[in-house]
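Visitor: Model the full structure from these sequences, guided by the hints.
If you want the building blocks of each chain, they are given just below.
Protein chains: 2
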Amino acid sequence: MSRLQTQAVETMVGENGLKMTPQRRIIVEYLQSAVNHPTADEVFNAVNEKFPMTSRATVYNTLNWLKGNGLVCEVFEGGVVRYDPNTSNHHHFVCRKCGKVEDVGAELVGAFQLEQAVSLLGSQKVENFEITIRGLCAACHVIDS
Amino acid sequence: MSRLQTQAVETMVGENGLKMTPQRRIIVEYLQSAVNHPTADEVFNAVNEKFPMTSRATVYNTLNWLKGNGLVCEVFEGGVVRYDPNTSNHHHFVCRKCGKVEDVGAELVGAFQLEQAVSLLGSQKVENFEITIRGLCAACHVIDS
DNA sequence: TTGATTGCAAACGGTTTGCATGGGA
DNA sequence: TCCCATGCAAACCGTTTGCAATCAA
Chain A
39 MSRLQTQAVE
49 TMVGENGLKM
59 TPQRRIIVEY
69 LQSAVNHPTA
79 DEVFNAVNEK
89 FPMTSRATVY
99 NTLNWLKGNG
109 LVCEVFEGGV
119 VRYDPNTSNH
129 HHFVCRKCGK
139 VEDVGAELVG
149 AFQLEQAVSL
159 LGSQKVENFE
169 ITIRGLCAAC
179 HVIDS
Chain B
39 MSRLQTQAVE
49 TMVGENGLKM
59 TPQRRIIVEY
69 LQSAVNHPTA
79 DEVFNAVNEK
89 FPMTSRATVY
99 NTLNWLKGNG
109 LVCEVFEGGV
119 VRYDPNTSNH
129 HHFVCRKCGK
139 VEDVGAELVG
149 AFQLEQAVSL
159 LGSQKVENFE
169 ITIRGLCAAC
179 HVIDS
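Order-wise, the sequence lines are chains A and B.
Here the working numbering runs 38 ahead of the position in the first sequence, where the first position is 1.
Here the working numbering runs 38 ahead of the position in the second sequence, where the first position is 1.
Wrong hints could be hidden among the right ones.
If several chains are the same, the list does not tell them apart, and a pair holds so long as it fits within one copy or across any two.
Think about it this way: if two alpha-carbon atoms lie no more than 27 Å apart in a straight line, the pair counts; the simulated DSSO-like pairs of lysine-lysine are [claimed, not checked]:
#1 57 <-> 163
#2 57 <-> 135
#3 135 <-> 163
#4 88 <-> 135
#5 105 <-> 138
#6 105 <-> 88
#7 57 <-> 105
#8 88 <-> 163
None of these hints come from the bench; they were simulated from the model.
Guide: And the structure:
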């Protein structure tokens, strides 16, 4: 379970002659604290509450930069790009009603392993896999019943 | 393994007072013949080769109409929406190099079943799941090695 | 005939880009 | 000081919408 680390960001900055700006700091902090998987727009809004006048361009720049360095990963759900500060191997649960995306730890999915994915296929080279489980989240399930 | 059927489309049309236009026919034919998972733009281009002057609006209308009636399903890969004429329960293999999306039959994935997905989670209501396997497709694997 | 469907073009929403200004190192 | 990063606005791209003309039933 490796989450976006402040130190990893600092290291990345130090090694490449890049700069640690207040905007970047706040975007990283927000992603670290996010329990869900925020969209770029949610990041933009959250960051602007703490640091008004941060532009969308900066938010997108920073998200792309983090992504390019493997510090966050993108997930597409419901036609929306979301950012996931959890970069370890894991899976997702998506609520079909509220659209929430929850993490499912890879350690829980013992039944399906990479070797099995490999054996399913022929001449392809399998590198990794992810499972997306769909249904109703706890909250929506209660409302529904 | 249920693929988009001409008859299912005709039935859908007949039951709802809708019309079977040449454009719709060609879009359906193209999707049926597609081995990969075409994007809206690929559908647009393919259709225009056979039936010039078909507008993007019509392509999008038709795709959304097929989707709304469960005759095709959407998959998001690499930030692009793709249309899949295979509506049966199945999984995907995505090539990280060329971006190709291949189907993996659900019958092949014996190791991970819905009951297991359910048992992984707590108060959520699990309805279905899909597995996305990533790596290099046969063609790219050959080039790479 | 009639209303669903089409083509066109404009609108839309999310993301990127160009450029002058500003601010870390 | 240097040049990376920012804010702004315009551009961009995929998709949707409004509307008058068209055409399948």
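Visitor: Within, between, both or neither: how does the pair residue 57, residue 163 come out at a Cα-Cα threshold of 27 Å?
Guide: neither (38 Å within a copy, 45 Å between copies)
Visitor: Between residue 135 and residue 163, at a C-alpha cutoff of 27 Å, which is it: within one copy, between copies, both, or neither?
Guide: Close across copies (11 Å), not inside one copy (35 Å); limit 27 Å.
Visitor: When no copy is specified for residue 105 and residue 138, does a C-alpha distance of 27 Å or less occur within a copy, between copies, both, or neither?
Guide: both (21 Å within a copy, 22 Å between copies)
Visitor: How would you classify residue 57 and residue 135 at a CA-CA limit of 27 Å: within, between, both, or neither?
Guide: This pair counts as neither: shortest intra-copy Cα distance 41 Å, inter-copy 32 Å.
Visitor: Pop the pair residue 105 and residue 88 into one bin, within, between, both or neither, using alpha-carbon distances up to 27 Å.
Guide: Answer is within; shortest intra-copy Cα gap is 23 Å, inter-copy 41 Å.
Visitor: Given identical chains, is residue 88 near residue 163, meaning Cα to Cα at most 27 Å, within a copy, between copies, both, or neither?
Guide: neither (45 Å within a copy, 36 Å between copies)
Visitor: Could you figure out if residue 88 and residue 135 sit no more than 27 Å apart (CA to CA) within one copy, between two copies, both or neither?
Guide: Answer is neither; intra-copy 30 Å and inter-copy 39 Å both fail.
Visitor: When no copy is specified for residue 57 and residue 105, does a C-alpha distance of 27 Å or less occur within a copy, between copies, both, or neither?
Guide: within (17 Å within a copy, 46 Å between copies)
In summary, the structure is inconsistent with hints 1, 2, 4 and 8 from the numbered list given earlier, while agreeing with the others.
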